[in-house]
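These protein sequence lines are chains E and G, in that order. 27 is the number of the first residue of the first sequence in our numbering; add one for each residue after it. 13 is the number of the first residue of the second sequence in our numbering; add one for each residue after it.
Take these hints with a grain of salt, some might be off.
If you want the ones that stay clear, here's a sample from chain E, every Cβ over 10 Å from chain G, calculated [said to hold, decoys possible]:
{"id": "1", "residue": "Arg-144"}
{"id": "2", "residue": "Leu-189"}
{"id": "3", "residue": "Val-273"}
Now the in silico label distances, taken between C-beta atoms and shown as ranges [stated by the list, open to error]:
{"id": "4", "chain 1": "G", "residue 1": "His-340", "chain 2": "E", "residue 2": "Pro-169", "range": "50 to 60 Å"}
{"id": "5", "chain 1": "E", "residue 1": "Ala-71", "chain 2": "G", "residue 2": "Arg-286", "range": "29 to 39 Å"}
{"id": "6", "chain 1": "G", "residue 1": "Glu-254", "chain 2": "E", "residue 2": "Val-95", "range": "41 to 51 Å"}
{"id": "7", "chain 1": "G", "residue 1": "Gln-50", "chain 2": "E", "residue 2": "Pro-169", "range": "29 to 39 Å"}
{"id": "8", "chain 1": "E", "residue 1": "Val-95", "chain 2": "G", "residue 2": "Ala-258", "range": "39 to 49 Å"}
{"id": "9", "chain 1": "G", "residue 1": "Pro-178", "chain 2": "E", "residue 2": "Lys-45", "range": "49 to 59 Å"}
{"id": "10", "chain 1": "E", "residue 1": "Glu-153", "chain 2": "G", "residue 2": "Thr-163", "range": "41 to 51 Å"}
{"id": "11", "chain 1": "E", "residue 1": "Glu-153", "chain 2": "G", "residue 2": "Glu-254", "range": "55 to 65 Å"}
{"id": "12", "chain 1": "G", "residue 1": "Glu-154", "chain 2": "E", "residue 2": "Glu-153", "range": "51 to 61 Å"}
{"id": "13", "chain 1": "G", "residue 1": "Pro-188", "chain 2": "E", "residue 2": "Met-102", "range": "33 to 43 Å"}
{"id": "14", "chain 1": "G", "residue 1": "Ala-39", "chain 2": "E", "residue 2": "Gly-157", "range": "22 to 32 Å"}
{"id": "15", "chain 1": "E", "residue 1": "Phe-184", "chain 2": "G", "residue 2": "Asn-268", "range": "54 to 64 Å"}
{"id": "16", "chain 1": "G", "residue 1": "Asn-268", "chain 2": "E", "residue 2": "Ile-88", "range": "15 to 25 Å"}
Bear in mind the hints are in silico, worked out from the structure with no lab data behind them. We put the CB at the ideal spot given by N, CA and C, even for glycine.
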Amino acid sequence: MAENRRDEQKLWLILFQIKAIRTRLNLLAIQYWLFITLAILIGAAAAIFVLAALLNPLAFLIVGAIVSVAALLLAMRAARAALRQGANPTRAALIADERADLKGRLATVMALAETPPRSALWPYLVEDTYGLRSRFEPAQIEPRWVSRAILAPIVVGFAIVALTAALRFYAHLPSRGALAPPPDITADIGDLEVLPDDPAVKPNGRVVADAKTLRQLEAKIAQAKQGRVSNWMDKARKLAGNLQDQVTGRNPLPLSTIHLKSSNPASPNALNPPPQLAQAHPPGRAGAPGVSHSNPNAGAPGQSANSNGAAGNPDRQPPVVALPGEQADQLAQNGAAAPYQPGADKRGGGAGEPAAGTPLGGDSGGGGSSHGAGSDPAHLFGPPEAQELGSDSFKIAIDAVPSDEASSKGAPAYIPPKVRVPLSSQQFPDEPLARAAAPPEDQMTLKKVFER
Amino acid sequence: MNETQPVNGLQTPTVADFAGTFRRIQAEVHKAIVGHEQAIEELLSAFFAGGHVLIEGVPGTGKTTLVKALGLALNLSFNRIQFTVDLMPADITGTRVILSGADGRREFAFQPGPVFAHILLGDEINRATPKTQSALLEAMAELQVTVAGVTYPLPPPYLVMATLNPLEMEGTYPLPEAQLDRFLFKVRLGYPAEDEMVKIIGSTTRTEEAVIEPVFPAAEAPAALERLKRLVREVIAAPQIERYAARMVRATQPPNAHVMGETPSTVAVDAVARYVSFGSSPRGAQALILGAKVRALLDGRANIAYDDVDRVAPAALEHRIMLNYAAHSDNVDAARIVAEVVKAVRPTRS
Numbered sequence: 027m028a029e030n031r032r033d034e035q036k037l038w039l040i041l042f043q044i045k046a047i048r049t050r051l052n053l054l055a056i057q058y059w060l061f062i063t064l065a066i067l068i069g070a071a072a073a074i075f076v077l078a079a080l081l082n083p084l085a086f087l088i089v090g091a092i093v094s095v096a097a098l099l100l101a102m103r104a105a106r107a108a109l110r111q112g113a114n115p116t117r118a119a120l121i122a123d124e125r126a127d128l129k130g131r132l133a134t135v136m137a138l139a140e141t142p143p144r145s146a147l148w149p150y151l152v153e154d155t156y157g158l159r160s161r162f163e164p165a166q167i168e169p170r171w172v173s174r175a176i177l178a179p180i181v182v183g184f185a186i187v188a189l190t191a192a193l194r195f196y197a198h199l200p201s202r203g204a205l206a207p208p209p210d211i212t213a214d215i216g217d218l219e220v221l222p223d224d225p226a227v228k229p230n231g232r233v234v235a236d237a238k239t240l241r242q243l244e245a246k247i248a249q250a251k252q253g254r255v256s257n258w259m260d261k262a263r264k265l266a267g268n269l270q271d272q273v274t275g276r277n278p279l280p281l282s283t284i285h286l287k288s289s290n291p292a293s294p295n296a297l298n299p300p301p302q303l304a305q306a307h308p309p310g311r312a313g314a315p316g317v318s319h320s321n322p323n324a325g326a327p328g329q330s331a332n333s334n335g336a337a338g339n340p341d342r343q344p345p346v347v348a349l350p351g352e353q354a355d356q357l358a359q360n361g362a363a364a365p366y367q368p369g370a371d372k373r374g375g376g377a378g379e380p381a382a383g384t385p386l387g388g389d390s391g392g393g394g395s396s397h398g399a400g401s402d403p404a405h406l407f408g409p410p411e412a413q414e415l416g417s418d419s420f421k422i423a424i425d426a427v428p429s430d431e432a433s434s435k436g437a438p439a440y441i442p443p444k445v446r447v448p449l450s451s452q453q454f455p456d457e458p459l460a461r462a463a464a465p466p467e468d469q470m471t472l473k474k475v476f477e478r
Numbered sequence: 013m014n015e016t017q018p019v020n021g022l023q024t025p026t027v028a029d030f031a032g033t034f035r036r037i038q039a040e041v042h043k044a045i046v047g048h049e050q051a052i053e054e055l056l057s058a059f060f061a062g063g064h065v066l067i068e069g070v071p072g073t074g075k076t077t078l079v080k081a082l083g084l085a086l087n088l089s090f091n092r093i094q095f096t097v098d099l100m101p102a103d104i105t106g107t108r109v110i111l112s113g114a115d116g117r118r119e120f121a122f123q124p125g126p127v128f129a130h131i132l133l134g135d136e137i138n139r140a141t142p143k144t145q146s147a148l149l150e151a152m153a154e155l156q157v158t159v160a161g162v163t164y165p166l167p168p169p170y171l172v173m174a175t176l177n178p179l180e181m182e183g184t185y186p187l188p189e190a191q192l193d194r195f196l197f198k199v200r201l202g203y204p205a206e207d208e209m210v211k212i213i214g215s216t217t218r219t220e221e222a223v224i225e226p227v228f229p230a231a232e233a234p235a236a237l238e239r240l241k242r243l244v245r246e247v248i249a250a251p252q253i254e255r256y257a258a259r260m261v262r263a264t265q266p267p268n269a270h271v272m273g274e275t276p277s278t279v280a281v282d283a284v285a286r287y288v289s290f291g292s293s294p295r296g297a298q299a300l301i302l303g304a305k306v307r308a309l310l311d312g313r314a315n316i317a318y319d320d321v322d323r324v325a326p327a328a329l330e331h332r333i334m335l336n337y338a339a340h341s342d343n344v345d346a347a348r349i350v351a352e353v354v355k356a357v358r359p360t361r362s
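Make the full structure from the sequences, and use the hints.
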């Protein structure tokens, strides 16, 4: 009887020791989960902050979402790993068996402690295991009280500190890249073809930066606003932009402005963008196209280089189109549009003397800017003009090859270089349609046709 | 201490008694056999586990000598049958013969065959016809022989050791699966190493022969050995170990619904699916646990460890795995299959 009681006491001590091992293992598992999750959260937050500072809104939205999902998955994985590290009594006994090389003694005792009748060798097993109890002391099985996972948040913290220092150093460099607001750029895009950046806009749409350009731009923007994809893209950009502002705590980046100088001498409206264009797209965040009526250079001497000598005419002030800073930079780098420098226009007869009839950009003015002036529904009717020579239309065969230089990853749209092919001796430059009188009964029909 | 005296009388043998007796028997057998430590250990393990042993080895590797030495060390009765193609079942089990009584009357009397011994050596068992081979089935499984409607019990402890010659396969009859399954272990006897060969030459070409001392007196040997065999059964197998053995045996079975039933094995082994036509039967799991229990006792433990099961797996499972033609063409043997199975099952320890 007494011997049985001693056996039970020994068994109790063995089980108690296993329980202590289990407690220690579970404590470490909980620490592992906490520290790893903390490290993941810190790392993800830092990554999102850096991304918000470096990327444009759309890229930030995409990469930020990926980082968030990755962080979530990692956190779930850490939780699963912690669960696996956790130990029930049987597993604690098994781990102790392995670490103390007890050949399954503890696992067997643990498994059969509550299930009599027991084998004739049960007392021997208990005695044998009890004799080895010094080998499975909790401190022997698991000497650590603190999980090694504590290193993870520390390492991540150090990495973030180092990264912050690097970013600060980078921010003090002269060229701060995307972190700094782009400078204002004044450029004449009167002779510039602009390919739209937004993929929702009809591909290969061409916008010519003259009066017609503005109207087409208006039409394109209006069309884009009606498209679902474009709407969602705009919303995504705005959302990402707001998030970026919240994360970085900065104000929205100021937009670069480009002072458009139309080369179209025909229409006064060419220099004034339609009001609905400006209303529909007020200057907003980078990446959101918009047109502004404000012109900081209005009235500046020599600022207007219109071919019809519109300098000094307040009604011919060049429209100011607000473009994203990166796009403005791209325009400036491509040299497609010469930066506007008040009082420094050398393409006319002299400083401040614009050359009449010569569009900026060095183009000979064979076509483009004045094309289609007669097709404007607003100017369909009026006194007839004398038919000029060379108004016959002609066709030009164009060799075109597909290009992979499309915009991607939020980069500015690719602006192809302007290529002018000299006309042959058999060809004549295109001329605008001359106005002609139209019978009053046909005016409505014509207007409808051209409005279409 | 007198070599023939039982340790502690072995009335109530302990774990230490078992290990001591086992080592002494091993030492006695090694007087006659050079090398083959693992084979001898597996042979003795099968004996104490209450099973039978299939010994596979090329001629001249000491199969018969090993069995004889074991019989002498255990001090048990020993018979040997040379299986030939014309051997009849009655030559093994015994038969009824007409005997003349003292009063001149003649009557049928049962003449026991060589199967009636504690240790039976069936030499080159695959040379006999399946009918003759099957004569051993009842003796091996139920420790009894039925002749002419009369059942005769065999004296415990009972051990059948059959040898197989893997060469000269012409004119042999491969053992049927049911017969193979009744052998607890299959033990391989390979050629001895060079050093072992030198010892064999030295010990067998002199005038003096090795003298094997019985571990137990003849009168006490059967009972003492039976007590030790019972002690083996007392070794504790935790539920997770039993499940591990079951999982291992299931893993030897190919994913064949006709064989496996509706529940597939929890551990899938590619080599098994490719090369095995039939896996181990439940007797394989029994062999694993029993062999592991002997291993535990030899290690001074009263419980089985996972490693014990792994260690006896080759001996317990190899001969229970039927390979298909793909295995033969790819030169894959059962040993490799078992190794793959053990490797696949090991991570499932819980």
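Results of checking the hints against the structure:
no.	hint	in the structure
1	Arg-144	violated, 8 Å
2	Leu-189	holds, 40 Å
3	Val-273	holds, 44 Å
4	G:His-340 to E:Pro-169: 50 to 60 Å	holds, 53 Å
5	E:Ala-71 to G:Arg-286: 29 to 39 Å	violated, 51 Å
6	G:Glu-254 to E:Val-95: 41 to 51 Å	holds, 44 Å
7	G:Gln-50 to E:Pro-169: 29 to 39 Å	holds, 38 Å
8	E:Val-95 to G:Ala-258: 39 to 49 Å	holds, 42 Å
9	G:Pro-178 to E:Lys-45: 49 to 59 Å	holds, 54 Å
10	E:Glu-153 to G:Thr-163: 41 to 51 Å	holds, 44 Å
11	E:Glu-153 to G:Glu-254: 55 to 65 Å	violated, 23 Å
12	G:Glu-154 to E:Glu-153: 51 to 61 Å	violated, 38 Å
13	G:Pro-188 to E:Met-102: 33 to 43 Å	violated, 54 Å
14	G:Ala-39 to E:Gly-157: 22 to 32 Å	holds, 28 Å
15	E:Phe-184 to G:Asn-268: 54 to 64 Å	holds, 57 Å
16	G:Asn-268 to E:Ile-88: 15 to 25 Å	violated, 50 Å
Figure legend: structure checked against the earlier numbered hints; hints not met, in rising order: 1, 5, 11, 12, 13 and 16.
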